[in-house]
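Going by my numbering, the sequence shown runs without a break in its numbering and finishes at 90.
Please note that the accuracy of each hint is not assured.
Said to hold, decoys possible - Here are the simulated distance ranges between beta carbons: (1) 74 / 38: 31 to 39 Å; (2) 44 / 83: 39 to 47 Å; (3) 67 / 47: 25 to 33 Å; (4) 42 / 71: 42 to 50 Å; (5) 84 / 60: 47 to 55 Å; (6) 62 / 41: 28 to 36 Å; (7) 56 / 34: 28 to 36 Å; (8) 60 / 80: 53 to 61 Å; (9) 80 / 40: 39 to 47 Å; (10) 47 / 84: 49 to 57 Å.
Everything labelled a hint here was simulated from the structure, so no lab data went into it.
Note that the Cβ used here is the ideal one computed from N, Cα and C, for glycine as well.
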Amino acid sequence: MNISVSNLAMANDEIVNSIQTISAITEEVTAHASNTYDSSEQNKQIVEHINTLVTELNADAEELKSYI
C-alpha cells in the first residue's frame, strides 16, 4: 500500500510540474502575442501614413502634369 501511495505522490508531482510548465509557456505565448499585436498596430499606422503621402504625391504629380 505504501508503494501505491508513493507512486500516486510521484505522479501527482509530475502533474503539478506539467501544469507549472504549461502555465509558464502560456504566459510566454501571451507576452509574444501582445508584442506581435503592438508591432502590427505600429505597422498599420506606418502604412496609413505612407498611403497618405502617396496620395499627396499623386495629387502633386497630377498638378505638375498641367504645366507640361
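Hint by hint, here is what the structure shows:
no.	hint	verdict
1	74 / 38: 31 to 39 Å	violated, 55 Å
2	44 / 83: 39 to 47 Å	violated, 57 Å
3	67 / 47: 25 to 33 Å	holds, 31 Å
4	42 / 71: 42 to 50 Å	holds, 44 Å
5	84 / 60: 47 to 55 Å	violated, 37 Å
6	62 / 41: 28 to 36 Å	holds, 31 Å
7	56 / 34: 28 to 36 Å	holds, 33 Å
8	60 / 80: 53 to 61 Å	violated, 31 Å
9	80 / 40: 39 to 47 Å	violated, 58 Å
10	47 / 84: 49 to 57 Å	holds, 55 Å
Going down the numbered hints, you'll see the structure goes against 1, 2, 5, 8 and 9, while the others check out.
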